[in-house]
Amino acid sequence: MTEHDVDPLRAFLRDADLTLAGLDEPTVHLWIEQDEAGTVIGSTGFELSRDGTHALIRSVAVAPDLRAAGAGSRLAMFALVQAAQAGASCAWLFSRRSGPFWQKLGFTNADRERLAALLPETQQVRLFVGTGQLGTEVAWSRTLTDLSRWTMDQQLPRKPGSALRDERSGDLDSRDSR
Numbered sequence: 001m002t003e004h005d006v007d008p009l010r011a012f013l014r015d016a017d018l019t020l021a022g023l024d025e026p027t028v029h030l031w032i033e034q035d036e037a038g039t040v041i042g043s044t045g046f047e048l049s050r051d052g053t054h055a056l057i058r059s060v061a062v063a064p065d066l067r068a069a070g071a072g073s074r075l076a077m078f079a080l081v082q083a084a085q086a087g088a089s090c091a092w093l094f095s096r097r098s099g100p101f102w103q104k105l106g107f108t109n110a111d112r113e114r115l116a117a118l119l120p121e122t123q124q125v126r127l128f129v130g131t132g133q134l135g136t137e138v139a140w141s142r143t144l145t146d147l148s149r150w151t152m153d154q155q156l157p158r159k160p161g162s163a164l165r166d167e168r169s170g171d172l173d174s175r176d177s178r
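The numbering used here numbers the first residue of the sequence shown as 1 and each following residue consecutively.
Worth double-checking, as some hints may not be accurate.
Restraint ranges, calculated between C-beta atoms of paired labels, are given here [claimed, not checked]:
(1) Gly-38 <-> Pro-64: 14 to 24 Å
(2) Gly-135 <-> Gln-85: 32 to 42 Å
(3) Ala-69 <-> Pro-120: 28 to 38 Å
(4) Thr-108 <-> Gly-38: 17 to 27 Å
(5) Ser-89 <-> Asp-65: 27 to 37 Å
Hints in this document: simulated from the structure, not taken from any laboratory. Here a beta-carbon is modelled for each residue, glycine too, at the ideal position from N, C-alpha and C.
Working from the sequences, and respecting the hints, build out all of it.
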């Protein structure tokens with residue numbers, strides 16, 4: 001992914017006040033949703049642990065006008081399903097502000113030190129440990145075993161005219177393009 005490819009996503013995540021660390025790293029799996037004009041209106045992603053059994057969900061954000069319409073849940077579920085299909089059996093994330101949102105998706109409060117021990121090579125963990133921020137973060141986790149066979153047809157509908165695109169390859173997710 002070139003700097004040109006990641007710039008619109010970086011600006012979108014900056015506006016959403018989310019971590020920008022490692023967006024262009026090969027270990028980070030990212031998808032963006034764009035409207036008909038090509039503007040980023042949503043994003044989602046994850047990083048896998050070295051053994052592939054744990055996923056750190058990250059970069060889940062939606063444009064303000066799409067909040068409370070199910071777009072965030074759909075994008076989060078997309079990342080969870082993708083992580084499960086990649087072999088992860090447990091998902092983790094950091095969120096100080098959106099606990100109720102994540103609880104609706106099956107997450108429960110988790111031990112941040114355990115998260116850091118299981119996913120030490122992920123960009124967010126490296127950043128938070130390196131800056132001393134880990135102690136102020138709130139960790140969440142949930143099992144993914146129920147999602148390994150989930151299909152994108154079970155997702156909530158997207159905003160008409162939008163497209164979900166793999167940020168690395170540029171490919172549309174054909175299971176979700178309507």
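Okay, the hints, checked on the actual structure:
no.	hint	verdict
1	Gly-38 <-> Pro-64: 14 to 24 Å	holds, 18 Å
2	Gly-135 <-> Gln-85: 32 to 42 Å	holds, 33 Å
3	Ala-69 <-> Pro-120: 28 to 38 Å	holds, 36 Å
4	Thr-108 <-> Gly-38: 17 to 27 Å	violated, 38 Å
5	Ser-89 <-> Asp-65: 27 to 37 Å	holds, 35 Å
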